[in-house]
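Chains as they are written, first to last, in the working numbering: chain A, 138 to 255; chain B, 4 to 113.
Simulated from the structure, these hints should not be mistaken for laboratory data.
Treat each hint with caution, since some may be false.
Below, simulated DSS-like cross-link-like pairs (lysine-lysine); rule was C-alpha separation at most 25 angstroms, straight line [as the list claims (entries may be wrong)]:
(1) A:LYS178 to B:LYS40
(2) B:LYS45 to A:LYS157
(3) B:LYS40 to B:LYS112
Each chain, written out:
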Amino acid sequence: GAVVSQHPSWVICKSGTSVKIECRSLDFQATTMFWYRQFPKQSLMLMATSNEGSKATYEQGVEKDKFLINHASLTLSTLTVTSAHPEDSSFYICSARAPASASTDTQYFGPGTRLTVL
Amino acid sequence: GENVEQHPSTLSVQEGDSAVIKCTYSDSASNYFPWYKQELGKRPQLIIDIRSNVGEKKDQRIAVTLNKTAKHFSLHITETQPEDSAVYFCAASRGFKTIFGAGTRLFVKA
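Next comes chain A alone, as it looks inside the complex (with noise of 0.2 angstroms):
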């Protein structure tokens, strides 16, 4: 169980187009999903956190007009980048808290979608 899919898993671009990540949770609902981007032999860095039905919560420092963020259901929630640029090429990474009736602040991380702007 608890099982997170993303789609892409990667994804080759040209500077100034946008380009759409899923984030899909299987075999539970997820209320919060977390968007992280991981460069090369770096750490997990949060981006922003999802709420279902509302606006995402973003990271001090994450534009939310460039990363747009849309959880439009208990299984699913997009990032956007716009108008994509090279510094934007990273590793970005969803998770999602594991099921409410679970005591636990686990979280399941998607495999990962990798981002090359060109």
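Guided by the hints, dock chain B onto chain A, whose structure is given.
The following block gives chain B in isolation, referenced to the frame of chain A:
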């Protein structure tokens, strides 16, 4: 702001030896401490976790200890195997907020 410090950044051990990774956290309200293993290009996988009301937890070759007074927790891997080679992240969590350490790259030499 809150942070989690993790040491060492790189650890190389001989197969069969033990490996210890240490983390300290700054937010005294943190109450959940998971450890993740991440292989190259893959997702972080939870390997063990501990809550603030417990001082130690063990799962086969993996154990975690927590010292709330010192705000310090550690991961212990015994009888290391080559497949233990990966990056390990500690984290400290309070509610919806989780802060990750910088990671430790573990090499287990056969």
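Verification of the supplied hints:
1. For the suggested pair A:LYS178 and B:LYS40, the alpha carbons sit about 13 angstroms apart, so the restraint of at most 25 angstroms is met.
2. Pair hint B:LYS45 plus A:LYS157 holds up; C-alpha atoms about 20 angstroms apart against a cutoff of 25 angstroms.
3. Among the hinted pairs, B:LYS40 with B:LYS112 is consistent with the structure: their alpha-carbon atoms are about 18 angstroms apart, no more than 25 angstroms.
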